[in-house]
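Engineer: Go by the hints and put chain B onto chain A.
If you read the sequences in order, they're chains A and B.
Everything in the first sequence is counted per this note's numbering, starting at 44 for the first residue and increasing by one.
Everything in the second sequence is counted per this note's numbering, starting at 44 for the first residue and increasing by one.
Think of the hints as simulated: they come from the structure by calculation, not from any bench.
Mixed in with the good hints there might be a few duds.
Which copy is meant is left open, so a pair is good if it fits within one copy or across any two.
Stated by the list, open to error - Here are the simulated PhoX-like pairs of lysine-lysine, each with C-alpha atoms no more than 20 Å apart in a straight line:
1. LYS115 to LYS48
2. LYS343 to LYS265
3. LYS48 to LYS217
4. LYS95 to LYS362
5. LYS116 to LYS48
6. LYS56 to LYS343
7. LYS300 to LYS290
8. LYS199 to LYS310
9. LYS339 to LYS111
10. LYS56 to LYS335
Number of protein chains: 2
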Amino acid sequence: MLAGKQSWIFDSKPVITATGTVGGPFEANGAIPEAFDLLHDDLWIGEDSYEKAQTVLIEGAVTETLKKASLKKEDVNFMLAGDLVNQLTPSSFAGRTIGIPYLGMFGACSTSMEGLAIGAMIMEANGARHIISVASSHNTATEKQFRYPTEYGSQKPPTAQWTATAAGACLLEKTGTGPVVTKATIGRIVDMGLSDPYDMGGAMAPAAADTIAAHFRDTNSKPDDYDLIVSGDLGQIGLPICRDLLKQQGYDLDHSKFQDCGLMLYKEDQPVMAGASGPGCSAVVTYGHLLKKMQKGELKRLLVVATGALLSPLSYQQKESIPCIAHAVSIEANGGMS
Amino acid sequence: MLAGKQSWIFDSKPVITATGTVGGPFEANGAIPEAFDLLHDDLWIGEDSYEKAQTVLIEGAVTETLKKASLKKEDVNFMLAGDLVNQLTPSSFAGRTIGIPYLGMFGACSTSMEGLAIGAMIMEANGARHIISVASSHNTATEKQFRYPTEYGSQKPPTAQWTATAAGACLLEKTGTGPVVTKATIGRIVDMGLSDPYDMGGAMAPAAADTIAAHFRDTNSKPDDYDLIVSGDLGQIGLPICRDLLKQQGYDLDHSKFQDCGLMLYKEDQPVMAGASGPGCSAVVTYGHLLKKMQKGELKRLLVVATGALLSPLSYQQKESIPCIAHAVSIEANGGMS
Numbered sequence: 044m045l046a047g048k049q050s051w052i053f054d055s056k057p058v059i060t061a062t063g064t065v066g067g068p069f070e071a072n073g074a075i076p077e078a079f080d081l082l083h084d085d086l087w088i089g090e091d092s093y094e095k096a097q098t099v100l101i102e103g104a105v106t107e108t109l110k111k112a113s114l115k116k117e118d119v120n121f122m123l124a125g126d127l128v129n130q131l132t133p134s135s136f137a138g139r140t141i142g143i144p145y146l147g148m149f150g151a152c153s154t155s156m157e158g159l160a161i162g163a164m165i166m167e168a169n170g171a172r173h174i175i176s177v178a179s180s181h182n183t184a185t186e187k188q189f190r191y192p193t194e195y196g197s198q199k200p201p202t203a204q205w206t207a208t209a210a211g212a213c214l215l216e217k218t219g220t221g222p223v224v225t226k227a228t229i230g231r232i233v234d235m236g237l238s239d240p241y242d243m244g245g246a247m248a249p250a251a252a253d254t255i256a257a258h259f260r261d262t263n264s265k266p267d268d269y270d271l272i273v274s275g276d277l278g279q280i281g282l283p284i285c286r287d288l289l290k291q292q293g294y295d296l297d298h299s300k301f302q303d304c305g306l307m308l309y310k311e312d313q314p315v316m317a318g319a320s321g322p323g324c325s326a327v328v329t330y331g332h333l334l335k336k337m338q339k340g341e342l343k344r345l346l347v348v349a350t351g352a353l354l355s356p357l358s359y360q361q362k363e364s365i366p367c368i369a370h371a372v373s374i375e376a377n378g379g380m381s
Numbered sequence: 044m045l046a047g048k049q050s051w052i053f054d055s056k057p058v059i060t061a062t063g064t065v066g067g068p069f070e071a072n073g074a075i076p077e078a079f080d081l082l083h084d085d086l087w088i089g090e091d092s093y094e095k096a097q098t099v100l101i102e103g104a105v106t107e108t109l110k111k112a113s114l115k116k117e118d119v120n121f122m123l124a125g126d127l128v129n130q131l132t133p134s135s136f137a138g139r140t141i142g143i144p145y146l147g148m149f150g151a152c153s154t155s156m157e158g159l160a161i162g163a164m165i166m167e168a169n170g171a172r173h174i175i176s177v178a179s180s181h182n183t184a185t186e187k188q189f190r191y192p193t194e195y196g197s198q199k200p201p202t203a204q205w206t207a208t209a210a211g212a213c214l215l216e217k218t219g220t221g222p223v224v225t226k227a228t229i230g231r232i233v234d235m236g237l238s239d240p241y242d243m244g245g246a247m248a249p250a251a252a253d254t255i256a257a258h259f260r261d262t263n264s265k266p267d268d269y270d271l272i273v274s275g276d277l278g279q280i281g282l283p284i285c286r287d288l289l290k291q292q293g294y295d296l297d298h299s300k301f302q303d304c305g306l307m308l309y310k311e312d313q314p315v316m317a318g319a320s321g322p323g324c325s326a327v328v329t330y331g332h333l334l335k336k337m338q339k340g341e342l343k344r345l346l347v348v349a350t351g352a353l354l355s356p357l358s359y360q361q362k363e364s365i366p367c368i369a370h371a372v373s374i375e376a377n378g379g380m381s
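So that you can see chain A by itself, here it is in the shape it has in the complex:
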């Protein structure tokens, strides 16, 4: 089960039997609206705060997932959830409504794959019949907390990224129809001294490269074992840096092989600067877009490397650099589909 230093090979191959994806207005106008089960045309979603709106996103993603699986909330053993808001209140408040026994995860934007990796691990140990893993973010809740309320209209440099308003959930079962989770690599925290919160992609690139190289080393695999490797949200700045770092280590990943969820979510003419970010970004692109490609037979072997910048506004004010992390999960079309 443990492979090498920091990776897992799931012999039981837990199945992703259903997914649920919810987005906001910017995502509705983006490049992959068909990736979403539900799209809201307003950032408030009828709530009186952006944090409460984010809770609604999470509840929606979980409800959509359960609906497709014809399961009730009571059937699910555990819900693994996380987001970017202080003390993960959107996830906790959704956990309160949903009532499934709850495990809070935090890895910033890497939370999506942290939850999926731990969920698959619990399945591997026969620790659950059904697990929901959900990750989310909300653009204006995040802006308000990490930077400035958007109403201030403050400007940003082109290296900045646009936090997705999105929640993506998946249901794990021991058997069933759907893609299977085959491997995972848990990342180390890597900090190369970068401290610009308007260039998270650049800061996270070395962590992504570290985890990808560890994944190949630990699981004795190589780039050609995957049809596609996607990072979570390295964006236009971080992706080429990560590609360079991997090349130095002997892994030559070209554009068709190595892409970024943050560059798939929005259209080029949307004002998202260097691309999308947020735990919700990699969650919806993986669960809503890439797994649909897998269902259609366009993709068989996928490695999702969700990247996270573990800073806080306070750590930035205290002149700290940005510690970063990436967790990788390998998802493959199962026998019946391939």
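Structural biologist: Coordinates of chain B only, in the frame set by chain A:
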């Protein structure tokens, strides 16, 4: 492995082969100074912020643990860590220094047992040779973030609790000498509508009762199967409420059977109001105090029910009530010791 709805029985019985506990000045003058491997006489611990001081606490707890186990950092597969500070920066920064592949956990003060439960689950699936689980809190870092900087001298009601300045770590191995982790119950989020952040014990009591009852139900066990059941930080207000709620469900737990880590850490004459709190509280009381009792043969079967209040200053300002959770882990003296 899965027992009932929300519990785990660990057939492999992962062993806690070493622990590390670090505290601050208030803990040094407390009721159980012998529970600590390392005590600092100053809250700043030579750093220029309380958050950085908390990072030093975590690094100390991990270093003490590894020293006792004669292991190097490189020998440990994963470090599971969490705290109360926004975006868990003290844990992330400690993870950066330590360099062990890292999984961030958030369950507020329940983080200590969330980490231990997930760590034991990873061991159960053969997902690691060595795992470190660490939880921490820092009194003044917490006050500053959740309430007011202590320098303001603001007053508090007697129902308020005192966040411990403490970090507690444990090392899990497949075999070895030490107490074993036998069961765990993952809690649901319970919110009875209480919204007073100066009475967390009262808010958390129903969540603790819910998890304890679920534990008995799921694992087909009863109070007499344990020598001692401890809640994490219900304090003087929450503990009797939880006792009453359990009595209504047919579980009569008297003082000798059901106690609270938050009432063990400090002396009665210390100005801690209703008792200690914080993820560091249940971590150091469990790893430093109760497991030492187990080593001496004074305790054989222990259930630690770490309790967490999942609020944020913002959710309070938005007039939300306090969602609460509790995770229970059963630790038993192993054959050789009992």
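Engineer: Hint by hint, note whether the structure agrees.
Structural biologist: Results of checking the hints against the structure:
1. Taking the shortest Cα distances, LYS115 and LYS48 sit within 20 Å of each other only across copies (13 Å), while inside one copy they are farther apart (38 Å).
2. For the homomeric pair LYS343 and LYS265, the shortest alpha-carbon distance inside one copy (15 Å) is at most 20 Å, but the shortest distance between copies (49 Å) is not.
3. When the C-alpha separation of LYS48 and LYS217 is checked against a cutoff of 20 Å, the pair qualifies only between copies, where the shortest distance is 16 Å, while the shortest distance within a copy is 26 Å.
4. For the homomeric pair LYS95 and LYS362, the shortest alpha-carbon distance between copies (12 Å) is at most 20 Å, but the shortest distance inside one copy (31 Å) is not.
5. In this homomeric assembly, LYS116 and LYS48 come within 20 Å of each other (Cα to Cα) only across copies, at 12 Å, whereas the closest approach inside a single copy is 36 Å.
6. Within a single copy, LYS56 and LYS343 get their C-alpha atoms as close as 15 Å, which meets the 20 Å cut-off; across copies the closest is 37 Å, which misses it.
7. Taking the closest pair of Cα atoms, LYS300 and LYS290 come within 20 Å of each other only inside a single copy of the chain (13 Å); across copies the shortest separation is 60 Å, beyond that limit.
8. In this assembly of identical chains, the alpha carbons of LYS199 and LYS310 lie at most 20 Å apart only when taken from the same copy (19 Å versus 52 Å across copies).
9. In this assembly of identical chains, the alpha carbons of LYS339 and LYS111 lie at most 20 Å apart only when taken from the same copy (18 Å versus 54 Å across copies).
10. Taking the shortest Cα distances, LYS56 and LYS335 sit within 20 Å of each other inside one copy (19 Å), while across copies they are farther apart (40 Å).
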